[in-house]
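Novice: The hints should help you fit chain B onto chain A, whose structure is shown.
Line order of the protein sequences matches chains A and B. Heads up, the first sequence is in the UniProt record's numbering, so the first residue is 43 and it goes up one at a time. Heads up, the second sequence is in the UniProt record's numbering, so the first residue is 43 and it goes up one at a time.
If you're looking for bench data, these hints aren't it; they were derived computationally from the structure. Be a bit skeptical, because a hint or two may be false.
Derived list of chain A stretches under chain B, where covered just means 3 residues or more per stretch with a C-beta under 8 Å from a C-beta of chain B [to be verified]:
(1) 98 to 108
(2) 124 to 133
(3) 174 to 185
DEER-style ranges, computed between Cβ atoms [as the list claims (entries may be wrong)]:
(4) A:81 with B:163: 39 to 45 Å
(5) A:177 with B:175: 26 to 32 Å
(6) B:91 with A:205: 39 to 45 Å
(7) B:91 with A:202: 56 to 62 Å
(8) B:80 with A:188: 21 to 27 Å
(9) B:205 with A:92: 24 to 30 Å
(10) A:176 with B:193: 18 to 24 Å
(11) B:119 with A:91: 32 to 38 Å
(12) A:96 with B:202: 40 to 46 Å
(13) A:79 with B:163: 37 to 43 Å
(14) B:91 with A:172: 35 to 41 Å
(15) B:172 with A:121: 27 to 33 Å
(16) A:177 with B:73: 46 to 52 Å
Here a beta-carbon is modelled for each residue, glycine too, at the ideal position from N, C-alpha and C.
There are 2 protein chains.
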Amino acid sequence: AGTEPNGECADASIPSLEYADPDWTFERSVEDPTALGPGDHVTFEKALSDEDVRAFAEISGDTNRLHLDDEFAAETRFGGRIVHGTLVSGLISAALARLPGLTIYLSQDLEFAGPVGIGDRVSARVEIVEDLGNEQYRLETVVRDEDDDETVVDGEAVVLIDDLPEA
Amino acid sequence: AGTEPNGECADASIPSLEYADPDWTFERSVEDPTALGPGDHVTFEKALSDEDVRAFAEISGDTNRLHLDDEFAAETRFGGRIVHGTLVSGLISAALARLPGLTIYLSQDLEFAGPVGIGDRVSARVEIVEDLGNEQYRLETVVRDEDDDETVVDGEAVVLIDDLPEA
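Chain A on its own, in the form it takes in the complex (with noise of 0.2 Å):
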């Protein structure tokens, strides 16, 4: 299977496709759902924004200040405001949207290797590491800041993929 550039034409079997934000960038090592296995990957990237974080807050109930006060977030151990690290774990679920076929999320573990300023661009690799059967994979999942060049979510997916309803 070869790489698929980003998002250049619409793909019928990426859902997501018409929805894709110039900002974003892709690549899959695999395009059809029957061909999935051990190795293929998904890489998905975005920049978390100052907007998006206080969009997540609103969304998510999580207001801690951490994520929203410059002058509360200096002076904890950060140093200055982070990203949710919920927000940051969109970013897998992202990825794993982008597997050819209709992703559906069983289970996930995060670890939280370190923070995620605002405004950094981030970048979530998932990469098919068991295929357990039952049209069900098992994911190793993570997350890296491309700005600081640190691993900042590491884990592991349990995921479902159902065929794509005809269009």
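Specialist: Frame of chain A; chain B shown alone:
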């Protein structure tokens, strides 16, 4: 420790209260960060609206049509659009943020046990199950869809509780 009524007054030990939305509810069993221990718990509840889901798609990049496209979602096993699992898990983060002190997320395991329909009211309950020392605690984290009366996310978190910065 008593149960705190729903954010009636700004409490300096809850970093997030000043941003609270009248639609949100929370309660907690403990006010004093130095008194935290097994059995202490926080519950946080809000509705997850269509607007929240569309905002989450944009900020995370997870534009899976299962969350965004009625026609597409109608043909899936869910029979309609559902809320992103990661957004649902964000309410756990919102509950953890309401522990007294400054909560820092170290890890989270999630099992997505069932779908959340668009607009459903969802509650996250976090309860300390172990004091790990060094201001670290392990918590049981459960999210329920209150409209469907179902557990939708089950899991565990580990957090570090730092002192709040001096006002």
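Novice: Compare the structure with each hint and give your call.
Specialist: Evaluation of the provided hints:
For the stretch 98 to 108 of chain A, the stated coverage by chain B is satisfied: 11 residues place a CB nearer than 8 Å to a CB of that chain, which reaches the threshold of 3. With a cut-off of 8 Å between beta carbons, the stretch 124 to 133 of chain A has 7 residues touching chain B; three or more are needed, and the interface restraint holds. Taking a C-beta to C-beta cut-off of 8 Å, the stretch 174 to 185 of chain A contributes 0 residues in contact with chain B, too few for the three needed, and the coverage statement is violated. At roughly 42 Å, the beta-carbon separation of residue 81 (chain A) and residue 163 (chain B) lies within the given 39 to 45 Å, and the hint holds.
Taken as a hint, the range 26 to 32 Å is violated for the pair residue 177 (chain A) and residue 175 (chain B), whose Cβ atoms sit roughly 42 Å apart. The hinted range of 39 to 45 Å is not satisfied by residue 91 (chain B) and residue 205 (chain A), whose Cβ atoms lie roughly 29 Å apart. Checked against the given bound of 56 to 62 Å, the beta carbons of residue 91 (chain B) and residue 202 (chain A), roughly 26 Å apart, lie outside it. Taking 21 to 27 Å as the suggested C-beta distance range, the pair residue 80 (chain B) and residue 188 (chain A) does not conform, at roughly 40 Å.
For the hinted restraint 24 to 30 Å between residue 205 (chain B) and residue 92 (chain A), the CB-CB distance of approximately 26 Å keeps it satisfied. Distance hint check: the CB atoms of residue 176 (chain A) and residue 193 (chain B) are about 22 Å apart, consistent with the given range 18 to 24 Å. Distance hint check for residue 119 (chain B) and residue 91 (chain A): the Cβ-Cβ separation is about 34 Å, which falls inside the suggested range of 32 to 38 Å. Under the hint 40 to 46 Å, the C-beta atoms of residue 96 (chain A) and residue 202 (chain B), about 24 Å apart, miss the expected range.
Checking the proposed 37 to 43 Å range against residue 79 (chain A) and residue 163 (chain B) shows it holds: the Cβ atoms sit about 40 Å from each other. Separation of residue 91 (chain B) from residue 172 (chain A) is about 36 Å and conforms to the stated range, judged on CB atoms against 35 to 41 Å. Here the CB-CB span from residue 172 (chain B) to residue 121 (chain A) is close to 30 Å, well matched to the stated 27 to 33 Å. A hinted range of 46 to 52 Å holds for the C-beta pair residue 177 (chain A) and residue 73 (chain B), which are about 48 Å apart.
Of the hints listed earlier, those the structure fails to meet are numbers 3, 5, 6, 7, 8, 12, in rising order.
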